[in-house]
Amino acid sequence: MVRKTFTVIDELGVHTRPASTLVQAASQFDAEVNIEYNGRSVNLKSIVGVMSLGIPQGAQIQIAAAGSDADQAIQGIEEALKNEGLGEPCEVI
Numbered sequence: 002m003v004r005k006t007f008t009v010i011d012e013l014g015v016h017t018r019p020a021s022t023l024v025q026a027a028s029q030f031d032a033e034v035n036i037e038y039n040g041r042s043v044n045l046k047s048i049v050g051v052m053s054l055g056i057p058q059g060a061q062i063q064i065a066a067a068g069s070d071a072d073q074a075i076q077g078i079e080e081a082l083k084n085e086g087l088g089e090p091c092e093v094i
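Heads up, the working numbering is the position in the sequence shown plus 1, with the first residue counted as 1.
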């Protein structure tokens, strides 16, 4: 399993439009992809699941992927987060 942590920078958090973009990005891969926030984990390929998390600006989220193309899935989702101005990778200390 591959994991990467991001900080949400969009002032509205993960609202409908960016959530839809993330779902589309995750759906391009065969890997099982989850988004984790506040102790809950949902399938990143489910718009309802993602919206149910209510992720605000400043939140730290973790993207986890498992499967043959897990690394590519994480990279693709990271690109979507950057391109949408939604999130940025957390610094590893």
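A hint or two may mislead.
To be verified - The following label-pair restraints were derived from C-beta to C-beta distances:
#1 S21 / P90: 31 to 41 Å
#2 S69 / L13: 18 to 28 Å
#3 D31 / G59: 30 to 40 Å
#4 V49 / L13: 15 to 25 Å
#5 S69 / E12: 35 to 45 Å
#6 S28 / R4: 14 to 24 Å
Hints were generated in silico from the structure; no laboratory data involved. These figures come from a predicted structure and were not determined experimentally. The beta carbon of each residue, even a glycine, is placed where N, CA and C say it ideally should be.
Which of the listed hints are not met by the structure? When the structure is compared with the hints, numbers 1 and 2 turn out to be violated.
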